[in-house]
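With the hints as your guide, set chains X, Z and B with the ligands onto chain U.
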Amino acid sequence: MDLYQELIIEHAKRPHRAGLRAPFDAEVHHVNPTCGDEVTLRVDLDGDTIRDVSYDSLGCSISVASASILAEQVTGHTLAEADVVHDAMHAMLTSRGQDAGDEEVIGDGIALAGVARYPARVKCALLGWMAFQDALNQAGARPAAESSTSSSLKEQHV
Amino acid sequence: MDLYQELIIEHAKRPHRAGLRAPFDAEVHHVNPTCGDEVTLRVDLDGDTIRDVSYDSLGCSISVASASILAEQVTGHTLAEADVVHDAMHAMLTSRGQDAGDEEVIGDGIALAGVARYPARVKCALLGWMAFQDALNQAGARPAAESSTSSSLKEQHV
Amino acid sequence: MPAAPFTSEELAAIRADFPILTRTVRDGKPLVYLDSGATSQKPRAVLDAERDFYEHHNAAPHRGAHALAEEATEAYEDARADIAGFIGAGAGEVVFTKNATESINLAAYAFSNADHGSPLRIGEGDEVLITEMEHHANLVPWQELCRRTGATLRWIPVTDEGRLDLTDLGSLLTDRTKVLAFTHASNVLGTVNPARELADAARAVGAISVLDACQSVPHLPVDVTDLGVDLLAFSGHKMLGPTGIGVLWGRADLLEQLPPFLTGGSMIETVRMEGSTYAAPPQRFEAGVPMTAQAIGLGAAVRYLQGLGMDRVHAHETALTGQLLAGLADRPWVRVIGPTTTENRGGAVAFDVDGVHAHDVGQILDDSGVEVRVGHHCAWPLHRRLGVTASTRASLAAYNTPGEIDAFLAALDRVPQVFEVAS
Amino acid sequence: MPAAPFTSEELAAIRADFPILTRTVRDGKPLVYLDSGATSQKPRAVLDAERDFYEHHNAAPHRGAHALAEEATEAYEDARADIAGFIGAGAGEVVFTKNATESINLAAYAFSNADHGSPLRIGEGDEVLITEMEHHANLVPWQELCRRTGATLRWIPVTDEGRLDLTDLGSLLTDRTKVLAFTHASNVLGTVNPARELADAARAVGAISVLDACQSVPHLPVDVTDLGVDLLAFSGHKMLGPTGIGVLWGRADLLEQLPPFLTGGSMIETVRMEGSTYAAPPQRFEAGVPMTAQAIGLGAAVRYLQGLGMDRVHAHETALTGQLLAGLADRPWVRVIGPTTTENRGGAVAFDVDGVHAHDVGQILDDSGVEVRVGHHCAWPLHRRLGVTASTRASLAAYNTPGEIDAFLAALDRVPQVFEVAS
Ligand SMILES: Cc1ncc(COP(=O)(O)O)c(C=O)c1O
Ligand SMILES: Cc1ncc(COP(=O)(O)O)c(C=O)c1O
Chain U
1 MDLYQELIIE HAKRPHRAGL RAPFDAEVHH VNPTCGDEVT LRVDLDGDTI RDVSYDSLGC
61 SISVASASIL AEQVTGHTLA EADVVHDAMH AMLTSRGQDA GDEEVIGDGI ALAGVARYPA
121 RVKCALLGWM AFQDALNQAG ARPAAESSTS SSLKEQHV
Chain X
159 MDLYQELIIE HAKRPHRAGL RAPFDAEVHH VNPTCGDEVT LRVDLDGDTI RDVSYDSLGC
219 SISVASASIL AEQVTGHTLA EADVVHDAMH AMLTSRGQDA GDEEVIGDGI ALAGVARYPA
279 RVKCALLGWM AFQDALNQAG ARPAAESSTS SSLKEQHV
Chain Z
317 MPAAPFTSEE LAAIRADFPI LTRTVRDGKP LVYLDSGATS QKPRAVLDAE RDFYEHHNAA
377 PHRGAHALAE EATEAYEDAR ADIAGFIGAG AGEVVFTKNA TESINLAAYA FSNADHGSPL
437 RIGEGDEVLI TEMEHHANLV PWQELCRRTG ATLRWIPVTD EGRLDLTDLG SLLTDRTKVL
497 AFTHASNVLG TVNPARELAD AARAVGAISV LDACQSVPHL PVDVTDLGVD LLAFSGHKML
557 GPTGIGVLWG RADLLEQLPP FLTGGSMIET VRMEGSTYAA PPQRFEAGVP MTAQAIGLGA
617 AVRYLQGLGM DRVHAHETAL TGQLLAGLAD RPWVRVIGPT TTENRGGAVA FDVDGVHAHD
677 VGQILDDSGV EVRVGHHCAW PLHRRLGVTA STRASLAAYN TPGEIDAFLA ALDRVPQVFE
737 VAS
Chain B
740 MPAAPFTSEE LAAIRADFPI LTRTVRDGKP LVYLDSGATS QKPRAVLDAE RDFYEHHNAA
800 PHRGAHALAE EATEAYEDAR ADIAGFIGAG AGEVVFTKNA TESINLAAYA FSNADHGSPL
860 RIGEGDEVLI TEMEHHANLV PWQELCRRTG ATLRWIPVTD EGRLDLTDLG SLLTDRTKVL
920 AFTHASNVLG TVNPARELAD AARAVGAISV LDACQSVPHL PVDVTDLGVD LLAFSGHKML
980 GPTGIGVLWG RADLLEQLPP FLTGGSMIET VRMEGSTYAA PPQRFEAGVP MTAQAIGLGA
1040 AVRYLQGLGM DRVHAHETAL TGQLLAGLAD RPWVRVIGPT TTENRGGAVA FDVDGVHAHD
1100 VGQILDDSGV EVRVGHHCAW PLHRRLGVTA STRASLAAYN TPGEIDAFLA ALDRVPQVFE
1160 VAS
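Protein chains in written order, with my numbering: chain U, 1 to 158; chain X, 159 to 316; chain Z, 317 to 739; chain B, 740 to 1162.
The shape of chain U in the complex, shown without the other chains (with noise of 0.2 Å):
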């Protein structure tokens, strides 16, 4: 089936970046209610910089492939250029399948095309990149009324 494509398997078996470190600005614990799945996730900002996104995540292969492609996709780059690869995963995942997404923006975030048709799923890809938005907002690196971020807070309790 071409949900599991082989990115995917490889990611969930070895997360890139996995692991809490020090320091961090701001850490976070979500939680998918209807399947237990955890993640706690940790910021360190420099200035308008991701320096690091740590993370230690305990749910399935979507949702441990989705923290370590995020955690790949943005370290490094700034506030700006994470919003831009956030923005691209959220449509692309709740899309149904319509959105078949950019690589050049996402990277290898383009194995979860397929979560997209499953809509059970989409909440377990989605799951890291609400606790990165979440993570951000607390560390104060943006103003806590911004659009993108509080939509994806309320689907975490769909």
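FYI, nobody ran anything at the bench for these hints, they're computed from the structure. Incorrect hints may appear among the rest.
Partner residues aside, some chain Z positions facing chain X, computed with beta carbon under 8 Å [to be verified]: (1) HIS372; (2) VAL521; (3) GLY591; (4) TRP649; (5) HIS675; (6) ASP676; (7) GLN679; (8) GLY691; (9) HIS699; (10) THR705; (11) VAL734; (12) PHE735; (13) GLU736; (14) SER739.
DEER-style ranges, computed between Cβ atoms [said to hold, decoys possible]: (15) X/SER253 <-> Z/GLY344: 22 to 30 Å; (16) B/GLY1048 <-> U/HIS29: 48 to 56 Å; (17) X/ASP214 <-> B/GLY1014: 54 to 62 Å.
Partial pick of chain X residues on the chain Z-facing surface, computed with a CB cut under 10 Å [stated by the list, open to error]: (18) TYR162; (19) LEU216; (20) TYR276.
Being a predicted model, the structure only gives us computed values, none of them experimental. The beta-carbon is built from N, C-alpha and C at its ideal position, and this holds for glycine as well.
Here is chains X, Z and B with the ligands on its own, set in the frame of chain U:
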């Protein structure tokens, strides 16, 4: 329609033995919760004999006629005789039309036979009879747990 | 241009959608169903939507990841979105319940389940204001809330004409008032209350307004933003939908504050033996496997009503109400309980026949195939206020016809004959 | 002679009654529905009963005197009598709710709604005893009751094998215990608990016993008198019935003492603005227009199950469970969560695949058309106790076949391949 026998209209217009009289041994107040119909009923006993049944009935033609017929049929009779009438009325009214009623036993009560085919109206016809049973109990005329009585009382709330 | 009532062709087409309307009752009399205020009949589109769900997609929504669970979740949430759209709301503001009664209880329990210290929590010295024309469903839950909390129940009186008497509103609605709960349209009088005005008055004193919209949502265009209330309840079965489904709508920020009511599966965030945390609305209020097929059926019902056009439904029912009121006005032995014109008035018309009990009136009508409701219609205090034990009520829906009103009036004329009273 | 499983001819006839079983999923794979523990499929007899009601008799029961209202009331009460008979109860002891979750909440709220001074009322110093294997529906309502009243929640632990550990029952169940609430059959482990023994122990200390029978009533013969419990809850949708209907059964004399929960129309005796009195059970607990069509559908479901014979349903599901457990035992990379034999065990079989998350296991099965549930199945504390975040669960019903168990096992063998783990 055969529900409204001339006899019922008669009893409803000019109920026999209506009004509340003294002396009495017990007074009860029963309500039909679906329509708000009410009956206040008193019994006056002389040993085993029912000396008087007096009542104030606020309700439809069926409930008023039924109270009127009750008062007519049981006044001056013994408790045992009244039980026979009550049981025969109850059986006829709850028979869904299977039990045509015995005029020898229930007198004008026979005019209420048609009620049995209108389940929603059976309660109207029984209201006075259940109040009567309750009043006898309160007057101490019989052991509280007697079966015909308690089954009637339950139906009061149906 | 105001919307027009349905033409007779349109009406014939509508009636053909309702299988039950072709049946007869009481030895072959054509059914004249004038009891839609109690519950409405259902079009085939609603029955088909339920059946299609059971035969092709049935699974527990929000509980699995397999193909059927996906389809069931999608159908359930699509229904929520359609129903929300029907009342001008966001999908996240629509909570599914089993009926409006549960919806109102959910609201009432919130004020005693809220933590002590929460602004929602009520107690001694606080007041709940309702009206004397409420259905028991919007009356008893508030009595019970007051019993649980020590708060005081007060009520807005009703005039002899069956309107709210707002003369003393200023002394009834004060800063002690925490809740103002009232009906949009009375199920007995037909009266349509000034919802916006009352909601604004409630907001001005910091009270939460709760609208019982059971008799308005099925019959007129309703937009929650226009109404300005905080919470609003209605039932599916009165609006062409299945039995067993109701709605509580709430302003998003208020719903967010309400504590859970029924608790259990799928309304939680995390559960430990030592304690639990709860999901965001609307899930927080939907414990257990939901009324899935019924929500989907109600979705089909609102799409059916949208197809008819609520403005036209309203125009149609108003025209029939006018015809009905005029017919009753011609009969001096009948007293209408409630407004006698169609102004700010829905299609529930209760009346009293001089010297004949409502049960007997209803029985004669039923004998002619005309089905109306008799009794206190779950508004006992209102009946006491207006000096009647029980009344007879004809109530309308989109599928009723002018011919049925004529049939009703003709059947009614048998009443004084049978009971030998003046006519 | 013990009852026999269904023959393959019988099974074919049963399956023909369930329209959904012929559909395919995920690009043409035949549906193998092994998620009946979440919700069951519905036979045509149930769908027809609902539809017949809507097309011919629909009216609000217990609310009118007209011909349709009479028919609706009779159909609704006949369903109650049939459902009561199915569990060996009297009709007056069966209360209709929307699901088992509401049933249990009704019970739990009774202990805080009862008047201070009532023997039912609980408070500080009192204890509620549950078990560590409860579904959230029989857990969170008791947590919330304790929060409202200051009572203390305690629980019976679970052994590594997934049985109740009754070693310390004597110190858990004491005269401080006011309620003992536990599941008859676990929706995760399949474990069937010794209901009679626990009910007797509860009675001995004066505690009221509440049985969650969601996973037993659909699958084995259940008689409330034999069980000896005080209250018992189950859902219609898990037993071939419609969504949106549940039952709370209660001993007549206990129901009589329970205060109302949801309040409103038709549960009252008299209503005045100043206060109300309430009807006798079961009406006292059925506020508002009920789940009429759904009760009627559930009546048809119990008649259908009676036609199959509950002893044979049980024998059939036990045989399939045995086949399933044997197949899993052959696969060392699978760990069954719960008893590994069919002794005192129902047909819910949860398991863990070494190194693969349940979501991923479920996805592979789904890709083969095999529909199972993944997650914590609303029993999160139990999962924590057994050291897993989530599990995969296959659960059975009368319509499942030996061939479907084979299909499930074959699909399961794809899991280690896809995820490149040892098998
Ligand atoms: C053991 C058990 N108890 C309670 C419930 C709750 O039932 P419902 O969701 O139908 O209210 C379920 C099913 O979800 C269950 O399996
Ligand atoms: C005005 C009004 N409010 C509340 C209700 C209660 O609705 P339900 O019985 O569907 O809960 C009704 C109908 O019975 C009603 O007419």
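Report the numbers of all earlier hints that the structure fails to satisfy, in ascending order. Violated: hints 1, 2, 3, 4, 14 and 17.
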